[in-house]
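Student: Chains as they are written, first to last, in our numbering: chain U, 1 to 395; chain D, 1 to 399.
If you're looking for bench data, these hints aren't it; they were derived computationally from the structure. Beta carbons: idealized from backbone N, C-alpha and C, even for Gly. Check the hints yourself; a few may be wrong.
Stated by the list, open to error - Here are the in silico distance ranges between beta carbons for each label pair:
1) D:Y263 to U:D299: 15 to 23 Å
2) U:L302 to D:E25: 52 to 60 Å
3) U:R19 to D:D367: 40 to 48 Å
4) U:E303 to D:Q275: 56 to 64 Å
5) U:K227 to D:M64: 46 to 54 Å
6) U:S2 to D:G366: 33 to 41 Å
What the hints assert, rightly or not - Straight-line distance between alpha carbons at most 30 Å, and here's what the computed DSBU-like set of lysine-lysine pairs gives:
7) D:K169 to U:K167
8) U:K37 to D:K19
9) D:K200 to U:K41
10) U:K109 to U:K26
11) D:K19 to D:K81
12) U:K307 to D:K42
13) U:K109 to U:K80
14) D:K278 to D:K150
15) D:K204 to U:K106
16) D:K200 to D:K176
17) D:K331 to D:K278
18) U:K80 to U:K188
19) D:K204 to U:K55
20) D:K150 to U:K276
21) U:K106 to U:K271
22) D:K200 to U:K106
23) U:K360 to D:K200
24) U:K271 to D:K262
25) U:K344 to U:K360
26) U:K229 to U:K174
27) U:K389 to D:K150
28) D:K81 to D:K176
29) U:K37 to D:K169
30) U:K279 to U:K307
31) U:K279 to D:K19
32) D:K313 to U:K362
Claimed, not checked - Per the computed footprint, the stretches of chain U lying under chain D, defined by three or more beta-carbons under 8 Å from a beta-carbon of chain D, are:
33) 78–86
34) 271–277
35) 345–359
Listed here are the chains, written in short residue letters.
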Amino acid sequence: MSEYWGIKVEDIFNTMPERFRPEGAKGVNACFGYDIKGEGKWKLTVANETLKVEKTGDLTGCVSVMLADGETFVGVNTGKVDGVSAFTSGRVTVEGDFSAFGKTAKMFKKYVNGKKEMSTRDYILDMFGTLVSRFQPNAIPGLDAKVCYDIGGNDGGVWTAIIKEGKCELVEGKADRPTTILHVNEAKDWVDVMLGKSDPFTLLSAGRASIEGETQIALKLGEIFAKYKSPIPEGEPEQELIALKKVISVNQRFATGPVMGKFLNALKEKKIYTNKCPKCGRIHLPAREVCAECRVRADEWLEVGPKGQVRYMEYVYYSSPDPLTGETRETPYGMVNILLDGCKGNDTFAHLIRRDQIDKIKGGNNEVAGTRVRPVWNEHRVGSIFDIKYFEIDE
Amino acid sequence: MTHRKKNRNVGIIGIGQTKYSSHREDVNQPEMIHEAVEAALKDAGITMKDVDCVVHGNMELFEMIHQPDLWHTIGTGACGKDCIRITTGGTVGATISCAADNLIASGMYDIVMAIGFEKLQEGHTTGGITNMADALWFRNLQTGALTGSKAYDVIREFGEERAKRVSMKYRIIMDKHAMRNPKAHRAFGLEFEQMDNLIKTSPKLVGDLKLIEMCSQSDGACVVIYACEKKAKQLSKNPVWIRDHITVHREEVFVMFGYDEKYPFPMTHRFAAEQLYKRNGIDSPVEYFDVFEMYDPASWWAVDWIRDFFQLKGDEHLKLVENEEIMIGGKMPINPSGGVIASNPIGATALVRIAEAALQIRGDAGDHQIPTPVSHALASGFGGTMWTVLTMLEKELNW
Numbered sequence: 001m002s003e004y005w006g007i008k009v010e011d012i013f014n015t016m017p018e019r020f021r022p023e024g025a026k027g028v029n030a031c032f033g034y035d036i037k038g039e040g041k042w043k044l045t046v047a048n049e050t051l052k053v054e055k056t057g058d059l060t061g062c063v064s065v066m067l068a069d070g071e072t073f074v075g076v077n078t079g080k081v082d083g084v085s086a087f088t089s090g091r092v093t094v095e096g097d098f099s100a101f102g103k104t105a106k107m108f109k110k111y112v113n114g115k116k117e118m119s120t121r122d123y124i125l126d127m128f129g130t131l132v133s134r135f136q137p138n139a140i141p142g143l144d145a146k147v148c149y150d151i152g153g154n155d156g157g158v159w160t161a162i163i164k165e166g167k168c169e170l171v172e173g174k175a176d177r178p179t180t181i182l183h184v185n186e187a188k189d190w191v192d193v194m195l196g197k198s199d200p201f202t203l204l205s206a207g208r209a210s211i212e213g214e215t216q217i218a219l220k221l222g223e224i225f226a227k228y229k230s231p232i233p234e235g236e237p238e239q240e241l242i243a244l245k246k247v248i249s250v251n252q253r254f255a256t257g258p259v260m261g262k263f264l265n266a267l268k269e270k271k272i273y274t275n276k277c278p279k280c281g282r283i284h285l286p287a288r289e290v291c292a293e294c295r296v297r298a299d300e301w302l303e304v305g306p307k308g309q310v311r312y313m314e315y316v317y318y319s320s321p322d323p324l325t326g327e328t329r330e331t332p333y334g335m336v337n338i339l340l341d342g343c344k345g346n347d348t349f350a351h352l353i354r355r356d357q358i359d360k361i362k363g364g365n366n367e368v369a370g371t372r373v374r375p376v377w378n379e380h381r382v383g384s385i386f387d388i389k390y391f392e393i394d395e
Numbered sequence: 001m002t003h004r005k006k007n008r009n010v011g012i013i014g015i016g017q018t019k020y021s022s023h024r025e026d027v028n029q030p031e032m033i034h035e036a037v038e039a040a041l042k043d044a045g046i047t048m049k050d051v052d053c054v055v056h057g058n059m060e061l062f063e064m065i066h067q068p069d070l071w072h073t074i075g076t077g078a079c080g081k082d083c084i085r086i087t088t089g090g091t092v093g094a095t096i097s098c099a100a101d102n103l104i105a106s107g108m109y110d111i112v113m114a115i116g117f118e119k120l121q122e123g124h125t126t127g128g129i130t131n132m133a134d135a136l137w138f139r140n141l142q143t144g145a146l147t148g149s150k151a152y153d154v155i156r157e158f159g160e161e162r163a164k165r166v167s168m169k170y171r172i173i174m175d176k177h178a179m180r181n182p183k184a185h186r187a188f189g190l191e192f193e194q195m196d197n198l199i200k201t202s203p204k205l206v207g208d209l210k211l212i213e214m215c216s217q218s219d220g221a222c223v224v225i226y227a228c229e230k231k232a233k234q235l236s237k238n239p240v241w242i243r244d245h246i247t248v249h250r251e252e253v254f255v256m257f258g259y260d261e262k263y264p265f266p267m268t269h270r271f272a273a274e275q276l277y278k279r280n281g282i283d284s285p286v287e288y289f290d291v292f293e294m295y296d297p298a299s300w301w302a303v304d305w306i307r308d309f310f311q312l313k314g315d316e317h318l319k320l321v322e323n324e325e326i327m328i329g330g331k332m333p334i335n336p337s338g339g340v341i342a343s344n345p346i347g348a349t350a351l352v353r354i355a356e357a358a359l360q361i362r363g364d365a366g367d368h369q370i371p372t373p374v375s376h377a378l379a380s381g382f383g384g385t386m387w388t389v390l391t392m393l394e395k396e397l398n399w
């Protein structure tokens, strides 16, 4: 198991039960698979607001399987890698039901590095583990040096940073003929220096550390390597940044006017009324006060449909939350443009199709007729678009 | 439609852009806008004292701030000046440019600053877009700006395999351009070899519109400073002239999917381009223009719209993409900046098209500068459900 930013893939999965938010899993009853390249496969079973996580070779029955490499997976879960970019660029892919997979996002609290406290040994290992990544080749161009760190005490150890041709390599132990050796008597002191709690000159003058070889290089270590940052956030943030959260909820009332009023009222009687442009013959769906193209009143009323043929269907896999209700529609769903009987050209009627029939819908055109459909009316009709629940295939 | 010549010429003398990014939580709205204002003033070599009027625009409902221009005064420097707020949806960035041009051409002002911005992460983009639809009917059906209809159309006309490959090729070309633009939001380093894999693996959003083919949601601001001919020549070594612009508006079009050839649906892009070329005496736009900055919210739309904007026939537009003629160095470079598909701070987006077109004419686009001289540029703006703004920019005052 490899570590990425000091975190293993299994750390993410092992902490899922404690990070699980039952309120985010309401109404979700499904298995989700994760196939992490070179690391293994995991299966999450979510049912009745409970979660089971298992490492398993068998991902059959999962509604979706997420595929990623370990680094990307850990990175996305810890905020080191931008999730949307990883997803968009294909570093993360999802097989199966993409929108079902999206629901897992709400189920977990954010992963924070499990260690709430770090021991001196943890810090020492993390400091040397990140040393190469903190190397700044442009700080001293052309630097050719072997810097040996001799950290004493039970938590210490010996490492050598070999810097040559703009690259840095870290080896355990003392390398052959180091340029500089930094001796620190106690590991704890070095940790304090690196965390900014004490300064190296205090250690040197107190005799708790010493430099052997080229002193200049030891004094420039702060430039050669970028500042070490503790993986545990502490103290004051660098800037006073706050994101304020607001929710706006607005009640609105819209007047229909007489034309839309007549159209909506007709729906209560299970009728689709519309009006026609006296100039170009265009039939408006829904009814409109004027023909926008001819700029004349459309005052001839006629009844069309309610059956018709599908001309086009939007097959929607990804559903944005409906801003009117905050709800997310079940996906996939189909939004259809129906050429109602009695209509022509582009005068189509937009509505939804019965969800279990979306795979059977065919769009029509001049040569081929589209699937015949009929409205399914709501029992309780109030004069709104949802007086029609949806359309279904007219068999 | 009467369209008269300008009273006087107008040139772009200053351009400023922020880096486009998925979030800018390090700054608030006026601070973010200020970055672009400062850059544009510096580019023009003037101060706010020289600016007569500020035109400010973004998407009306996206951050749910009623008059953001008031708050933003601390970032724009508009205090005590004429300030006009314009909000026309996706086209707003292009519309504020038209307004700035008209305000100066009319003789009312000598120097006008146009500011387009968006902080999409501070609001709800889909909520904003859905609220565009009429409240009595379509708002209940519409969810955001995603549609698979253009993919359906292109696949119907040219077959599934060719259509899908053209769309993905366009997407990869835009990424290659974005990789050369340090201000671009999304730059993945995609390669043409990934085309078939991306077609297979990129998640579908609606129909055959895939995640990677859709634009990002970005934060950022763009500022362009315009001046009358006299001031432009005094202040700038290389002003870029606004030759003409056209706006074609129409009612919302949720009901246009009849697929009946006897009733062709008039598209505003083709109509606008036709009018613009006619009144400027341009017979072959592909030959005339050296670069085109297109408002391309998704690769399927982009591929199809190339045909409309350049008045092409048959599959000429597909060939431009397939033969890489739209790339930097090609015959008709499109979006050297990486386009909207790479960066989309919506209220700024259409103004970025004009700013980037002007940078190309000046030769100041840096790594994404096209290698051949640029004298004539075209920039488009697009807004839902379907309307168009086109702007023509010129290096010389010789038309």
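Student: For each hint, tell me whether it holds in the structure or not.
Tutor: Do the hints match the structure? See the list:
1. D:Y263 to U:D299: 15 to 23 Å: holds (22 Å)
2. U:L302 to D:E25: 52 to 60 Å: holds (55 Å)
3. U:R19 to D:D367: 40 to 48 Å: Holds - the Cβ-Cβ distance for R19 of chain U and D367 of chain D, about 43 Å, lies within 40 to 48 Å.
4. U:E303 to D:Q275: 56 to 64 Å: Cβ of E303 of chain U to Cβ of Q275 of chain D: about 39 Å, so the range 56 to 64 Å is violated.
5. U:K227 to D:M64: 46 to 54 Å: Given a distance of about 40 Å, which is not inside 46 to 54 Å, the answer is violated.
6. U:S2 to D:G366: 33 to 41 Å: holds (38 Å)
7. D:K169 to U:K167: violated (37 Å)
8. U:K37 to D:K19: Violated: K37 of chain U and K19 of chain D sit about 34 Å apart, past 30 Å.
9. D:K200 to U:K41: Satisfied, since the Cα-Cα distance of roughly 22 Å is no more than 30 Å.
10. U:K109 to U:K26: Cα-Cα ~15 Å, so holds.
11. D:K19 to D:K81: Holds, because 27 Å separates the two Cα atoms, which is no more than 30 Å.
12. U:K307 to D:K42: Violated: K307 of chain U and K42 of chain D sit about 64 Å apart, past 30 Å.
13. U:K109 to U:K80: Holds: K109 of chain U and K80 of chain U sit about 16 Å apart, inside 30 Å.
14. D:K278 to D:K150: holds (27 Å)
15. D:K204 to U:K106: holds (21 Å)
16. D:K200 to D:K176: holds (20 Å)
17. D:K331 to D:K278: holds (23 Å)
18. U:K80 to U:K188: The hint holds at about 29 Å.
19. D:K204 to U:K55: Roughly 28 Å separates the two Cα atoms, so the pair holds.
20. D:K150 to U:K276: holds (28 Å)
21. U:K106 to U:K271: violated (42 Å)
22. D:K200 to U:K106: The hint holds at about 27 Å.
23. U:K360 to D:K200: holds (23 Å)
24. U:K271 to D:K262: Measuring from Cα to Cα gives roughly 28 Å; hence the hint holds.
25. U:K344 to U:K360: holds (23 Å)
26. U:K229 to U:K174: holds (25 Å)
27. U:K389 to D:K150: holds (27 Å)
28. D:K81 to D:K176: With a Cα-Cα distance of about 42 Å, the restraint between K81 of chain D and K176 of chain D is violated, given a limit of 30 Å.
29. U:K37 to D:K169: Given pair K37 of chain U, K169 of chain D holds - Cα atoms ~28 Å apart, limit 30 Å.
30. U:K279 to U:K307: holds (26 Å)
31. U:K279 to D:K19: Answer violated: K279 of chain U to K19 of chain D is near 51 Å, above 30 Å.
32. D:K313 to U:K362: holds (28 Å)
33. 78–86: holds (count 3)
34. 271–277: Coverage by chain D is violated for the segment 271–277 of chain U (0 residues, Cβ < 8 Å).
35. 345–359: That given contact holds, which follows from 8 residues of the segment 345–359 of chain U lying within Cβ reach (below 8 Å) of chain D.
Of the hints listed earlier, those the structure fails to meet are numbers 4, 5, 7, 8, 12, 21, 28, 31 and 34, in rising order.
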